[in-house]
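Student: When you get a sec, could you build the whole thing from the sequences and use the hints?
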Amino acid sequence: MGDPLFWHRMQFGFTASFHYLFPQLTMGLALLIAVMKWLGLDPGREHYNEAARFWIRILGINFAVGVVTGIPLEFQFGTNWSRFSAFSGGVIGQTLGMEGMFAFFLESTFLGILIWGEKRFGPRRHFWAAIALFVGSWLSGYFIVATDAFMQHPVGHMTAADGTLQLASFWDFVINPWATIQYLHNMAGAVVTGSFVIAAVGAYWTLRGIHTKQAWLNLKIGVTAGLLSSLVVAFPTGDLQGKLVAKHQPVSLAAMEGRFESGPRAGLNMIGQPNVAEGKLDNPIRLPGVLSFIAYGSFSANVKGLNEFPRDQWPTSIEMLYYGFHIMVGLGTLFIGLMGMSFLLLWKRRIQAQRWMLWILMLAFPFPYIANTMGWMTAEMGRQPWLIFGVMRTSEGSSHLVHSGQTIFTMLGFAGLYFILGVLFLFLIGREIAQGPAGHGEVN
Amino acid sequence: MEMLWFWLVSVMIAIYAMMDGFDFGAGILHLFVAKTNDERRQVLAAIGPWWDGNEVWLLAGGGALFLAFPKVLASGFSGFYLAMFLVLWCLVLRGIGIEFRSHLRDGMWRAFWDAVFAVASILLPILLGAALGNVVRGVPIDATGYFNIPLFTSFGIHNPVGILDWYTVLMGVFVLVTIAGHGATFLGWKTDGRVHARAVNAGLPLWSFVIILWLVMTAATLRVTPALFHGWATSPLAWLATLIYIAGLGAVMFGLFKGRHLLAFIGSGAFILGILAATAASVWPVMLRSTLNPEWSLTAHNASVAASGLRKGFIWWIIGFPIALGYFAMLFRLFRGKAQAAGEGEGY
Chain A
23 MGDPLFWHRM QFGFTASFHY LFPQLTMGLA LLIAVMKWLG LDPGREHYNE
73 AARFWIRILG INFAVGVVTG IPLEFQFGTN WSRFSAFSGG VIGQTLGMEG
123 MFAFFLESTF LGILIWGEKR FGPRRHFWAA IALFVGSWLS GYFIVATDAF
173 MQHPVGHMTA ADGTLQLASF WDFVINPWAT IQYLHNMAGA VVTGSFVIAA
223 VGAYWTLRGI HTKQAWLNLK IGVTAGLLSS LVVAFPTGDL QGKLVAKHQP
273 VSLAAMEGRF ESGPRAGLNM IGQPNVAEGK LDNPIRLPGV LSFIAYGSFS
323 ANVKGLNEFP RDQWPTSIEM LYYGFHIMVG LGTLFIGLMG MSFLLLWKRR
373 IQAQRWMLWI LMLAFPFPYI ANTMGWMTAE MGRQPWLIFG VMRTSEGSSH
423 LVHSGQTIFT MLGFAGLYFI LGVLFLFLIG REIAQGPAGH GEVN
Chain B
7 MEMLWFWLVS VMIAIYAMMD GFDFGAGILH LFVAKTNDER RQVLAAIGPW
57 WDGNEVWLLA GGGALFLAFP KVLASGFSGF YLAMFLVLWC LVLRGIGIEF
107 RSHLRDGMWR AFWDAVFAVA SILLPILLGA ALGNVVRGVP IDATGYFNIP
157 LFTSFGIHNP VGILDWYTVL MGVFVLVTIA GHGATFLGWK TDGRVHARAV
207 NAGLPLWSFV IILWLVMTAA TLRVTPALFH GWATSPLAWL ATLIYIAGLG
257 AVMFGLFKGR HLLAFIGSGA FILGILAATA ASVWPVMLRS TLNPEWSLTA
307 HNASVAASGL RKGFIWWIIG FPIALGYFAM LFRLFRGKAQ AAGEGEGY
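These protein sequence lines map, in sequence, to chains A and B.
Start counting the first sequence at 23; every next residue gets the next number (the numbering used here).
Start counting the second sequence at 7; every next residue gets the next number (the numbering used here).
These are calculated hints, taken from the structure and not from any lab test.
In this text, all values refer to a predicted model and were calculated from it rather than measured experimentally.
Each residue gets a CB set at the ideal place from its N, CA and C atoms; glycine is no exception.
Some hints here could point you the wrong way.
Unchecked claim - Derived Cβ-Cβ restraints for the label pairs, each shown as a range: (1) A:A437 <-> B:L340: 38 to 48 Å; (2) B:L228 <-> A:I153: 32 to 42 Å; (3) B:W245 <-> A:I197: 39 to 49 Å; (4) B:W172 <-> A:A437: 27 to 37 Å.
Claimed, not checked - If we take Cβ atoms under 10 Å as the criterion, some of the chain A residues that face chain B in the derived model are: (5) G92; (6) T131; (7) F143.
To be verified - Residues from chain A that keep clear of chain B, each with C-beta distances beyond 12 Å, as calculated: (8) G35; (9) A256; (10) F257.
Tutor: Here's what the structure looks like:
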């Protein structure tokens with residue numbers, strides 16, 4: 023526990039996980055709000071504008087927390103990971119620089135217009151502000167995923183005479199195949215979160231029997247988008263992501279699956295607990311051949327086990343990595359089933375009568391947050407022990423002069439600050455949902 | 007190319023200081039120039055469309071520093087570790103204060119966030135000013151290019167130094183008063199009624215204090231870092247920047263006396279831009295000065311990335327920068343005129 027590296031990782035992991043609770047909803051809602059505003063341009067569909075107005079209020083609160091929790095991540099590149107920044111800034115400085123210039127200015131400019139400008143600027147300009155916010159937030163996501171992709175699968179760089187990494191090919195680096203696939207997978211995950219939250223609010227209002235028209239519209243939008251995005255998360259994007267890991271990080275795939283021995287016809291473990299000391303999976307329940315199929319598209323393909331790799335290349339927390347991956351995949355599968363059933367009931371206009379289904383939809387909204395968080399944990403823990411896969415170890419990248427007394431102090435500070443932030447956020451969002459689509463403008 | 011990027015980074019940080027400076031300044035004065043709920047909402051409405059975008063200049067400037075001089079970012083951020091986190095926590099609380107305040111129509115809720123907003127707005131310029139003081143004074147960078155200093159030691163300017171010593175605290179106070187003065191000219195321009203009257207009244211004493219502190223700072227810097235003045239004396243760019251900030255100071259005073267509020271605001275902006283540009287020109291090419299050995303200083307030459315990255319970065323920078331300015335020009339047009347607090351539930 024006195025190991026400075028542990029606290030550098032702990033702090034970044036905690037602040038990044040907390041931060042990403044907010045942008046995933048922002049990016050998901052930004053797309054769906056743009057769709058609502060587009061449909062609402064037709065004067066006969068004023069109720070779409072009404073729905074957009076409500077979600078823009080939620081977005082405003084959510085966005086603010088996302089912005090202020092995002093800044094600490096940018097700072098930590100320098101404060102906690104200084105040797106990594108000095109080593110790789112010649113490459114990743116490009117995407118981080120572009121994010122500020124092309125995404126943040128766009129978002130910050132149009133957010134105000136979107137929140138306060140509907141009356142002042144009219145429906146058409148308000149629609150374009152929604153589009154601008156959507157583009158800005160999704161661009162921002164791309165720059166961050168591209169930066170992470172370089173850490174997962176470094177391309178487009180060269181090593182300079184002083185040992186640092188420098189840019190060799192801008193486009194190879196920016197259009198990293200890892201970036202494009204992980205981006206689509208990640209953004210589909212963000213839309214899942216957005217749809218589940220919209221569906222949950224629709225279900226809540228329906229169960230209470232209030233705001234009937236808006237409740238129905240939210241159910242319709244949430245469930246339809248939820249089904250589509252849950253499908254896209256799994257196929258093609260999740261499938262492609264899995265193949266990418268199998269190809270470039272076979273040791274991570276083995277750890278994700280708790281697979282120690284190599285062999286053909288590898289099974290997918292549904293349940294089981296990795297026992298690293300004894301090198302086996304306890305209580306396994308397997309689908310035979312499925313892992314081979316997922317990784318290489320053939321049921322008989324050979325999938326390497328951990329024993330085939332030197333110990334010093336094994337991910338540092340195989341257990342957590344294993345659970346992270348399995349929770350993500352398990353929840354993702356359940357999402358397809360849940361949204362598929364809800365969609366059928368919606369199609370037949372019977373969902374309002376099926377109160378049990380509405381209860382499930384209402385209570386399901388935290389699970390996409392969990393799945394998204396577990397997905398990122400899989401990606402980042404799977405990258406260990408490397409900070410840049412195959413190039414720089416995590417232990418070589420931290421700020422070596424910053425001691426544990428400093429990192430534990432700031433880590434505790436963030437824990438307290440973010441706890442308060444989380445409570446306030448839930449309080450304000452709960453209030454908005456309780457007040458309903460009309461809001462508290464002139465009522466109260 | 008290194009010189010170009012040195013200036014791009016400097017200009018973006020100076021723009022940050024000028025832009026976020028006016029909303030920090032509004033925050034410093036918030037509790038003093040606005041007493042009632044309506045008056046406070048007027049202050050928040052004045053900075054409402056801007057503050058988030060202004061803060062992006064910090065991220066964009068930091069991004070440019072990362073792109074061009076990652077060793078400076080790595081060394082400085084990890085070296086000033088605790089101060090960086092104090093800055094972060096203030097930025098978090100300040101942003102939340104501005105955004106959460108309007109959501110509840112409750113006196114205690116709003117009084118609390120007003121206080122959070124004001125206190126964070128006061129602490130930030132002091133901290134950022136102290137950071138500037140550290141850059142001017144120099145830090146104990148070792149042969150590997152890194153350092154790490156505590157928040158304070160004995161408040162003396164000789165090693166072992168802390169982030170806060172008499173010189174850097176003095177710089178923090180200078181920046182605080184300057185930013186408060188900048189906020190006063192902004193509110194004088196953008197508000198009306200009582201807020202306007204109080205802001206304009208605060209302008210003259212604040213700016214008189216700025217002039218006194220500026221003279222004190224110049225004398226103190228002469229004692230702490232005489233090399234800065236050598237750099238100044240040999241750089242025509244520094245003379246030009248000095249001319250700009252003295253002209254800015256003149257414009258502030260003239261504007262305040264004559265009631266030309268926009269002129270006073272432009273003047274205070276020019277003062278901030280000019281004084282930072284003069285500092286940058288005087289320290290060139292040194293970005294972080296080592297007090298242990300001048301050869302260990304991080305300069306635009308030994309801390310920059312390879313030319314390939316600088317060239318590629320410049321290509322997109324030259325596209326992105328005008329677009330960013332375009333957004334601000336658009337906001338300027340959309341929100342022209344005096345700021346009006348909107349109806350409850352529609353604005354800040």
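Student: Identify every previously stated hint that the structure contradicts and give their numbers, smallest first.
Tutor: 2
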